[in-house]
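As you go down the protein sequences, you meet chains A and B in turn.
Residue 1 is where the first sequence starts when you use my numbering, and the numbers rise one by one after that.
Residue 1 is where the second sequence starts when you use my numbering, and the numbers rise one by one after that.
Heads up, a few of these hints could be off.
In silico DSBU-like pairs for lysine-lysine, Cα to Cα no more than 35 Å straight-line [as the list claims (entries may be wrong)]: (1) Lys-175(A) / Lys-328(A); (2) Lys-418(A) / Lys-434(A); (3) Lys-183(B) / Lys-328(A); (4) Lys-175(A) / Lys-183(B).
Residues of chain B placed beyond 12 Å of chain A at every Cβ, according to the derived structure [claimed, not checked]: (5) Glu-218; (6) Asp-234; (7) Gly-235; (8) Ala-441.
Quick look at which bits of chain B chain A covers, simulated, 3 or more residues with Cβ under 8 Å [unchecked claim]: (9) 5-13; (10) 178-187.
Keep in mind the hints are simulated off the structure, nothing from the lab.
Source: prediction; values computed, not measured.
For each residue, glycine too, the CB sits at the ideal point set by N, CA and C.
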Amino acid sequence: MTISSALNAGVAGLNANANRLATISDNIANSGTYGYKRASTEFEAMVLSSSGSSGVYTAGGVRANSARMIDERGGLVGTLNALDMAVSGRGMLPVTDMSSIDALMSNERLKMTTTGAFRMDENGILRTASGLVLLGWPADAQGNIPTIARDSVAGLSPVVINQNQQVGDPTTAIKLGVNLPATDTLAGSPGDPLPLSVEYFGNLGTSESLNMTFTPTVNATGQSNTWTMEITDSASGGTVVGEYTLVFDDTRATGGSLLSVTTVAGGAYDPLTGQIALTVAGGPISLEIGIPGERNGLTQLSDTYSPTGITKDGSPAGTLLGVEINEKGMLVAAYDSGFTRTLYQIPVVDVPNINGLIPMDNQTFAASQQSGSFFLWNAGEGPTGTIEGYAREGSTTDVAAELTSLIQTQRAYSSNAKVIQTVDEMLQETTNIKR
Amino acid sequence: MSLSSAFSSALSGLTASARVAELISSNVANALTPGYARREADLSARSLGGTGQGVRVIGVQRDTNAFLLSERRGAQAGHGGQETRSNALRQIESAIGSEESASSLLKRIAAFDQSLLAAASRPESEARLSAAVTAAADLVSHITQASSEVQAVRGRADTSIGLQVNRLNHGLARIADLNDRIKLNTIGGADTSALQDQRQQQIDLLAEIVPLREVAREDGSVALFSAGGAALIDGRPSTFGFTTAGTVTEAMVLGTGLSGLTLNGQSVSTTESGLLGGGTLAAQFALRDEVGTEAQAGLDALARDLVERFQQSGLDATRAPGDPGLFTDAGAAFVAANEPGLATRISLNAAVDPRQGGEVWRLRDGLGAAASGPTGDSRLITVLQSALTEQRTPASAPFSNGMRSFSGLASDLTSSIARQRLDSDETLSFATARYSALQEAEQERGVDTDQEMQQLLLVEQAYAANARVMQALDQMLGNLMEI
Numbered sequence: 001m002t003i004s005s006a007l008n009a010g011v012a013g014l015n016a017n018a019n020r021l022a023t024i025s026d027n028i029a030n031s032g033t034y035g036y037k038r039a040s041t042e043f044e045a046m047v048l049s050s051s052g053s054s055g056v057y058t059a060g061g062v063r064a065n066s067a068r069m070i071d072e073r074g075g076l077v078g079t080l081n082a083l084d085m086a087v088s089g090r091g092m093l094p095v096t097d098m099s100s101i102d103a104l105m106s107n108e109r110l111k112m113t114t115t116g117a118f119r120m121d122e123n124g125i126l127r128t129a130s131g132l133v134l135l136g137w138p139a140d141a142q143g144n145i146p147t148i149a150r151d152s153v154a155g156l157s158p159v160v161i162n163q164n165q166q167v168g169d170p171t172t173a174i175k176l177g178v179n180l181p182a183t184d185t186l187a188g189s190p191g192d193p194l195p196l197s198v199e200y201f202g203n204l205g206t207s208e209s210l211n212m213t214f215t216p217t218v219n220a221t222g223q224s225n226t227w228t229m230e231i232t233d234s235a236s237g238g239t240v241v242g243e244y245t246l247v248f249d250d251t252r253a254t255g256g257s258l259l260s261v262t263t264v265a266g267g268a269y270d271p272l273t274g275q276i277a278l279t280v281a282g283g284p285i286s287l288e289i290g291i292p293g294e295r296n297g298l299t300q301l302s303d304t305y306s307p308t309g310i311t312k313d314g315s316p317a318g319t320l321l322g323v324e325i326n327e328k329g330m331l332v333a334a335y336d337s338g339f340t341r342t343l344y345q346i347p348v349v350d351v352p353n354i355n356g357l358i359p360m361d362n363q364t365f366a367a368s369q370q371s372g373s374f375f376l377w378n379a380g381e382g383p384t385g386t387i388e389g390y391a392r393e394g395s396t397t398d399v400a401a402e403l404t405s406l407i408q409t410q411r412a413y414s415s416n417a418k419v420i421q422t423v424d425e426m427l428q429e430t431t432n433i434k435r
Numbered sequence: 001m002s003l004s005s006a007f008s009s010a011l012s013g014l015t016a017s018a019r020v021a022e023l024i025s026s027n028v029a030n031a032l033t034p035g036y037a038r039r040e041a042d043l044s045a046r047s048l049g050g051t052g053q054g055v056r057v058i059g060v061q062r063d064t065n066a067f068l069l070s071e072r073r074g075a076q077a078g079h080g081g082q083e084t085r086s087n088a089l090r091q092i093e094s095a096i097g098s099e100e101s102a103s104s105l106l107k108r109i110a111a112f113d114q115s116l117l118a119a120a121s122r123p124e125s126e127a128r129l130s131a132a133v134t135a136a137a138d139l140v141s142h143i144t145q146a147s148s149e150v151q152a153v154r155g156r157a158d159t160s161i162g163l164q165v166n167r168l169n170h171g172l173a174r175i176a177d178l179n180d181r182i183k184l185n186t187i188g189g190a191d192t193s194a195l196q197d198q199r200q201q202q203i204d205l206l207a208e209i210v211p212l213r214e215v216a217r218e219d220g221s222v223a224l225f226s227a228g229g230a231a232l233i234d235g236r237p238s239t240f241g242f243t244t245a246g247t248v249t250e251a252m253v254l255g256t257g258l259s260g261l262t263l264n265g266q267s268v269s270t271t272e273s274g275l276l277g278g279g280t281l282a283a284q285f286a287l288r289d290e291v292g293t294e295a296q297a298g299l300d301a302l303a304r305d306l307v308e309r310f311q312q313s314g315l316d317a318t319r320a321p322g323d324p325g326l327f328t329d330a331g332a333a334f335v336a337a338n339e340p341g342l343a344t345r346i347s348l349n350a351a352v353d354p355r356q357g358g359e360v361w362r363l364r365d366g367l368g369a370a371a372s373g374p375t376g377d378s379r380l381i382t383v384l385q386s387a388l389t390e391q392r393t394p395a396s397a398p399f400s401n402g403m404r405s406f407s408g409l410a411s412d413l414t415s416s417i418a419r420q421r422l423d424s425d426e427t428l429s430f431a432t433a434r435y436s437a438l439q440e441a442e443q444e445r446g447v448d449t450d451q452e453m454q455q456l457l458l459v460e461q462a463y464a465a466n467a468r469v470m471q472a473l474d475q476m477l478g479n480l481m482e483i
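Generate the whole structure from the sequences, applying the supplied hints.
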């Protein structure tokens, strides 16, 4: 009987709209939730009688289908915390539950999220207030990331940052930019040695110094343009680690640059690189004094001694000052003595069908049969976006659109109710035929 | 949702305006603070994932002129050094006494000369003989006082070097400390302007001692070098070593009794042309080791000439050979090898000095006379007077060319010191003019309150505009809710 099918269709319509109302209310409730992906309800018509020719129409009603739009991306919102992260583009951050961190990592335990406000807890574990722990590939002591399988979580480990540990940064290279006074090698000048002390940092983070003296060779007549450079190391108890005879050029074309360097004692000088391989107490240090004929490094011009262009790497031992993430996903620690070092690389997880991911609590998602298997990309490579620090991804909910849809849903709901009311009245009429 | 990102942009605008207003207020408040550099906020558009997200303050710029700063510091060192030198020369000059002053060396010599003439005219007069002996004693005490004043100047220079080395060591340690804190704050992303102001003030305090060259390093710290090329701070601070002598006597020179300067344990030259030349430190060393010793040598030469004039053989028949003359080297006869420091030891022969138990008539009768002779005999006094005024070639190196009377020699010494002082004063006036001109130029570049007020107006408008945007956004959301 068609009139009862109309009643059924009306009830189905009420149901479907109630469903849509539920998604709208969820969306509006989460309009301020970072990383929230909007849920949407699609309506599908149901057809019961395909034969329209019989003159009888049976209303099939409507069926509601809810889905989460995971591939929609919310706008990024700037924050003031370095460890607020969001992926700008496709892909998600790998995280896991607090309860899973002691167990061996397995593909099932991997969860993904597009954004998170990570903080260090008392154990140095980087996690969100909701208990999501950030995962990354640990770097070695030099800050390099080893080669790791990209299709499994085997290499991933929870990001743990040791707050109160001292870290050293030994010096390995020093470059001398020093001008020696040419007039000091003239006959009759006093020939006083010029001192220079260059600080370097040993393997144990201690501050040591290379003490150099430049002594001019003063001949009875003329200008010798020759200096003796003697280097002593404070870490080796002041022993001489190198002595070199430097001769400078006085020609028109390359005047003032090095002409030749003769090793008297200590590590050899390589004229191709302009470097001396010094052996100090803590190991080798390359001391760059310049290539013969080129005007960088040591020069001998005019009458001023100017040891102002000395550069070196290395820093004193430092404690952690802060951690930041760069757009390549490298978690970089800054130490209070001025150097930085990569601690972890955070990969970006991508799956072939993003909308096939299973939504879970706390705006996380898990891989499923429908999503396809995951792959760990370097941030910004392949299809994935970069990782942004100081940013959160906003909710994809558009309150204006939801409110509009709320009006429509309300109207549709009342219309369905009106249908039921009308069917009721019509049935009443039928009943009233017999008195 | 774009409305919420608009909110966040407007908020960032409010924050940035507030920060700029804070900097302007700090600028205006410090308009009269010396060493304060005007700050300016560096604004930059903020973008996240390629989309605009308002504005942010990426840093605070200190508006300094490195060239002017380094010129001013150089002038400060030059001025300080020259002032030290001029002051000390003025002290030495006043100790010897310039030609004009009443108590000058020349006046003392003239008084001695005249009292001898007076005694020769009436050799029997005890009073005239006493006056001659007193004039001789005054001359001796004038020379010894001048000599001890010269040593006092050297002593003060030595003490001052000790203090300056202390100031350098402490100042460099403090600058290194500030360097570290600035480095730390730079890494942490905090505003380092106030620390940089402090560091600049600390460097300015040291700039007078040694002329400084400041070289910025990439991590926010600075390296300091002396103009001569000594590294004072490059990473960690250098330490200077110096031992103050306490009392300086004429026998103490650099190396024997007086300390030189060490830099990180290595001894360095302290001359004006050395690594640390050009400031007050090198000037004090020059006073102690050059100007002071030269003045002492001049006084010694003067004293030697005086002693030798009255120690010539044949002058006084009663004096045994090898006995001291009228003026002695601390009571004994003078020998040429003992010239250094004679000016402090010179004394009047005890035989004529009543204060030392002598008798004034020995001036008339001879230093070796046992008893008073004929009271009318003025020959010896006349001989003594002519010994003082005769033209004679001084034996000491600085004055050994040309014959001079004793007062001629004294006049040469006085005028040589006066000429040095005048030269030094002239250089000082140049240095002062340069220093004050650069100081003025630096102050002119300070905070311009008019400009700050104009900026403040702009900030006020920007703040209001951002607030208006927020109000409009609120209304838009309100409209949505009223549907």
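Does Lys-328(A) sit within 35 Å of Lys-175(A), going by the straight-line distance between their CA atoms? 30 Å, holds
Within a Cα-Cα threshold of 35 Å, do Lys-183(B) and Lys-328(A) meet the stated pairing? 26 Å, holds
Outcome, coverage hint (the stretch 5-13 of chain B, chain A; C-beta under 8 Å; three residues): Check passed, 3 qualifying residues.
Does the claim that Asp-234(B) lies outside the interface with chain A hold up, using a Cβ gap greater than 12 Å? Given a closest Cβ separation of 6 Å, the condition is violated.
Given coverage of the stretch 178-187 of chain B by chain A, checked by CB-CB distance under 8 Å (3 or more): holds (count 3)
Do the alpha carbons of Lys-418(A) and Lys-434(A) lie within 35 Å of each other, as the hint requires? Since the Cα atoms of Lys-418(A) and Lys-434(A) sit roughly 26 Å apart, the hinted pair holds (cutoff 35 Å).
Minimum C-beta separation from Gly-235(B) to chain A exceeding 12 Å: can you confirm that? 4 Å, violated
Verify this label for me: Ala-441(B) is non-interface relative to chain A, using a Cβ-Cβ cutoff of 12 Å. 25 Å, holds
Lys-175(A) and Lys-183(B): Cα distance at most 35 Å? Roughly 21 Å separates the two Cα atoms, so the pair holds.
Verify that the Cβ of Glu-218(B) lies farther than 12 Å from every Cβ atom of chain A, and report whether the claim holds or is violated. Non-interface label fails for Glu-218(B): nearest chain A Cβ at 9 Å, not farther than 12 Å.
The structure fails hints 5, 6 and 7 (numbered hints given earlier, in ascending order).
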